[in-house]
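Protein sequence lines, in the order shown, are assigned to chains A and B. Counted from 1, the first sequence has number 167 at position 167 by my numbering; the numbering is strictly sequential. Counted from 1, the second sequence has number 130 at position 130 by my numbering; the numbering is strictly sequential.
Please note: incorrect hints may appear among the correct ones.
When the alpha-carbon atoms are kept at most 30 Å apart in a straight line, the in silico DSS-like pairs for lysine-lysine are as follows [to be verified]: (1) K41(B) - K15(B); (2) K121(B) - K6(B); (3) K18(A) - K7(A); (4) K65(A) - K115(B); (5) K130(B) - K115(B); (6) K49(B) - K18(A); (7) K126(B) - K18(A); (8) K15(B) - K76(B); (9) K106(B) - K65(A); (10) K18(A) - K15(B); (11) K65(A) - K135(A).
Partner residues are not named here, just some residues of chain A that face chain B (Cβ under 7 Å, in silico) [what the hints assert, rightly or not]: (12) S21; (13) L31; (14) I35; (15) V38; (16) S41; (17) N51; (18) F55; (19) A134; (20) T137.
Everything labelled a hint here was simulated from the structure, so no lab data went into it. Predicted, not measured: the structure shown is a model, and the values here were computed from it. From the three backbone atoms N, C-alpha and C, an ideal C-beta is built for every residue, glycine too.
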Amino acid sequence: MDLYFKKIGDAANALIKKFSSRNPFDIAAGLGIHIMFVPLSRLKGVYKVINGSSFIILNQNNGEKLNKIVCAHELGHHVLHRELAKDGMISESVIYDMSRQRELEANLFACQLLLDDETVAEHIKEGFDIEKIAKLTETDPNLIALKCSFLVNQGYDFIPQEYNTVFLK
Amino acid sequence: MTFAEKLRKARKDKKLSQTELAELVGVHYRTIQNWEKGHRKPSNFELLKKLADSLSVPADSLCSDVDILIMTAGEKGGPRAARDMEALITEVTGLFAGGELAEEDKDNLIAAFNKAYWIAKAENEKLADKGKKKT
């Protein structure tokens, strides 16, 4: 699990450094990934590679905050699972062809991209619960819980929180 | 009903033989045969329109929106594009096969993928001009 966290964390940090931004839209643009907003109902987002070009399709009804998270998640698929997406798209909120492993990895990537260690650690030390921290960081409780696991893995003395590995379902 | 079945019915309704219809449309009678057997579909929209006109039916009564999308792809980019488009649409349809998702989403997603396909193609062409293709 250690190497795992590290690999994903490193990938996220490399991009943050390269583009001087934690904003998944900025990074996607920098990587030449096309982002499309489509009116959808349940489907939150889709990542697909077509003839070598990468696409992130976002549900325009998600709202800004959720779309930032979904975009970061799809970016995770791009960085970690691009090869797989050539044969079939990767979509969120579908049981069809969903591998829990892949989803967890994309969520780990998203939480590393969107949340910086110190800020979250500080909030935890201040005694806030994950709901509150999620509000403060404008993310999602599950992402915060995942971040806790990262921090614990890095030696912080926190209690690992329960999380839903496929919360973007 | 499939395109093949719709075609056959429309032709019989108009009391035309396959040869007569072929003449009206300007194709070989074997083409009509292949279409009615379900082996092939009209390769472009022009042809579909001619066929529909000869049968006095609207074009979209013979072909679904999806068929027309594939046909248009074929027109713009040749048989390969038509095949690629068909594969993409099949993928999306498969996604919705479980019944978990809304049908309107399917149409919107297909439209988005159609757009994406042509963006990808244009990008690929630009790269090919520069001497290096992505795929």
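The hints, checked one at a time:
1. Taken as a hint, the K41(B) and K15(B) pair is honoured in the structure, with Cα atoms around 21 Å apart against an allowance of 30 Å.
2. Between K121(B) and K6(B) the alpha-carbon distance is near 33 Å, which puts this suggested pair outside the 30 Å criterion.
3. Proximity of K18(A) to K7(A) is assessed by CA-CA distance (about 17 Å); at most 30 Å being required, the pair is judged to hold.
4. Straight-line distance between C-alpha atoms of K65(A) and K115(B) comes to about 25 Å, which keeps the hinted pair within the 30 Å bound.
5. Restraint check for K130(B) and K115(B): the C-alpha separation of about 23 Å stays at or below 30 Å, so the hint holds.
6. For the hint pairing K49(B) with K18(A), the CA-to-CA distance comes to about 53 Å; that exceeds 30 Å, so the pair is violated.
7. A distance of roughly 25 Å separates the Cα atoms of K126(B) and K18(A); the hinted pair therefore holds under the 30 Å criterion.
8. In summary, the hint linking K15(B) to K76(B) is not supported, as the alpha carbons are separated by about 34 Å, beyond the 30 Å threshold.
9. At most 30 Å may separate the alpha-carbon atoms for a hinted pair to count; K106(B) and K65(A) meet this at roughly 24 Å.
10. For the hint pairing K18(A) with K15(B), the CA-to-CA distance comes to about 69 Å; that exceeds 30 Å, so the pair is violated.
11. Restraint check for K65(A) and K135(A): satisfied, since their Cα atoms lie roughly 11 Å apart, inside the 30 Å limit.
12. Among the interface hints, the one on S21(A) is violated; its C-beta lies about 23 Å from the nearest C-beta in chain B, farther than the 7 Å criterion.
13. This hint is violated: L31(A) has a C-beta 13 Å from the nearest C-beta of chain B, more than the 7 Å allowed.
14. Given the 7 Å rule on beta carbons, the hint for I35(A) is violated: about 11 Å separates it from the nearest Cβ of chain B.
15. The closest approach between the C-beta of V38(A) and any C-beta of chain B is roughly 5 Å, which is under the 7 Å cut-off, so the hint is satisfied.
16. For S41(A), the suggested interface contact is upheld, since its CB lies about 5 Å from the closest CB of chain B, less than 7 Å.
17. Checking N51(A) against chain B by beta carbon gives a least distance of about 4 Å; that is within 7 Å, so the hint holds.
18. Taking 7 Å as the C-beta cut-off, the interface hint given for F55(A) holds, the closest approach to chain B being about 5 Å.
19. Contact between A134(A) and chain B, as hinted, is not supported at the beta carbon level, the nearest pair being about 27 Å apart and thus beyond 7 Å.
20. The restraint placing T137(A) at the interface with chain B is violated, with a minimum CB-CB distance near 30 Å, outside the 7 Å limit.
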